[in-house]
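Student: Each chain, letter by letter, is given below.
2 protein chains.
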Amino acid sequence: MLVKEILRRPPVTIRADATVEEAADLMAKENVGLLVIVRDNPKRPVGVISERDIIRAISRKIPLTTTVDRVGTMEKFIWIREDETVYRAAYLMRKHHIRHLVVLNEGGDLVGVLSVRDLIAEDKIIESLSADRRPSSKE
Amino acid sequence: MLVKEILRRPPVTIRADATVEEAADLMAKENVGLLVIVRDNPKRPVGVISERDIIRAISRKIPLTTTVDRVGTMEKFIWIREDETVYRAAYLMRKHHIRHLVVLNEGGDLVGVLSVRDLIAEDKIIESLSADRRPSSKE
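Chains as they are written, first to last, in full-length UniProt numbering: chain A, 1 to 139; chain B, 1 to 139.
Take these hints with a grain of salt, some might be off.
Same chains, same names: a pair is fine if it fits in one copy or spans any two.
The list that follows gives simulated cross-link-like pairs (lysine-lysine, DSS-like), each with its CA atoms no further than 30 angstroms apart [claimed, not checked]:
1. 29 x 76
2. 76 x 4
3. 4 x 95
4. 61 x 4
5. 4 x 43
6. 43 x 76
7. 61 x 29
8. 43 x 95
9. 43 x 29
10. 95 x 61
11. 29 x 4
Everything labelled a hint here was simulated from the structure, so no lab data went into it.
Please model the complete structure; the sequences and the hints are all you need to start from.
Tutor: This is the structure in structure tokens:
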């Protein structure tokens with residue numbers, strides 16, 4: 001199973017000069033946990049900002065009017081190609097202790113964001129857990 | 001595989017009269033995405049507050065000095081017993097579009113919080129994805 005087969009929706013992007021408050025607003029409205037930070041070219045990610053980044057900013061008393069490029073992860077965010085496997089996606093999330101991966105196409109353009117919840121949403125994955133259930137199931 | 005077999009750490013609780021700012025601070029320090037809200041008895045959850053709840057509060061311009069019982073999910077949070085299967089945990093997360101489950105023991109006492117990332121952290125689960133990899137693997 002390839003990453004592109006389970007990508008569910010277009011990525012939600014935000015400009016690097018937007019504020020943390022605007023980022024929270026966009027996350028809430030779009031119901032996503034990660035925004036891709038861009039500058040002039042909306043297809044070229046320059047960073048990411050997650051819910052966790054915002055929580056940490058609050059904890060550090062950083063004003064919500066700070067721009068997202070000061071609070072997010074710039075440059076060294078974790079990404080995967082759309083034609084890599086879901087297995088590798090899970091491996092990367094686990095290795096880096098993250099819940100989202102930026103997904104790029106062969107040309108390096110942004111095509112989506114894969115979340116750990118997208119993995120659980122897959123029938124095939126959830127059913128792989130069901131073998132455990134059979135011996136003692138009453139359902 | 002049972003929920004109690006993959007529970008990784010004790011739950012992190014917060015009192016119902018703590019502020020959203022204090023909740024963010026605790027989430028950041030403990031590196032968790034969900035706090036269990038309690039009143040006098042630390043073993044009896046009365047609600048939960050998630051990172052997403054805090055993001056939504058910011059989006060709705062709710063002051064960070066608001067108490068967590070005004071912002072979290074009270075009473076009707078989703079929970080699972082520790083002796084239920086990991087399969088059912090994944091099913092519940094998927095059904096309710098959530099990333100965490102409160103875990104209770106037979107007596108109804110709080111014993112933990114299971115996150116969708118705990119599922120991905122399991123070798124058995126991540127390896128169930130690796131079958132995909134074999135036909136075309138170059139790794």
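Student: Compare the structure with each hint and give your call.
Tutor: Right, here's what the structure says about each hint:
1. Taking identical chains as interchangeable, the C-alpha atoms of residue 29 and residue 76 lie at most 30 angstroms apart whether they share a chain (26 angstroms) or sit on different chains (23 angstroms).
2. Taking the shortest alpha-carbon separations for residue 76 and residue 4, only the intra-copy value of 22 angstroms comes in at or below 30 angstroms, while the best inter-copy value is 35 angstroms.
3. Taking identical chains as interchangeable, the C-alpha atoms of residue 4 and residue 95 lie at most 30 angstroms apart whether they share a chain (21 angstroms) or sit on different chains (23 angstroms).
4. Taking identical chains as interchangeable, the C-alpha atoms of residue 61 and residue 4 are never at most 30 angstroms apart, the minima being 38 angstroms within one chain and 36 angstroms between chains.
5. In the homo-oligomer, the alpha carbons of residue 4 and residue 43 lie at most 30 angstroms apart inside one protomer (17 angstroms), although the nearest pairing across protomers, at 43 angstroms, exceeds that limit.
6. Taking the shortest alpha-carbon separations for residue 43 and residue 76, only the intra-copy value of 17 angstroms comes in at or below 30 angstroms, while the best inter-copy value is 41 angstroms.
7. Proximity of residue 61 to residue 29 under the C-alpha cut-off of 30 angstroms is found in both arrangements, the shortest distances being 24 angstroms within a copy and 13 angstroms between copies.
8. For the homomeric pair residue 43 and residue 95, the shortest alpha-carbon distance inside one copy (26 angstroms) is at most 30 angstroms, but the shortest distance between copies (32 angstroms) is not.
9. Taking the shortest Cα distances, residue 43 and residue 29 sit within 30 angstroms of each other inside one copy (21 angstroms), while across copies they are farther apart (34 angstroms).
10. In this homomeric assembly, residue 95 and residue 61 come within 30 angstroms of each other (Cα to Cα) only inside a single copy, at 29 angstroms, whereas the closest approach across copies is 35 angstroms.
11. When the C-alpha separation of residue 29 and residue 4 is checked against a cutoff of 30 angstroms, the pair qualifies only within one copy, where the shortest distance is 24 angstroms, while the shortest distance between copies is 35 angstroms.
Hint 4 from the earlier list is the only one contradicted by this structure; the remaining hints agree with it.
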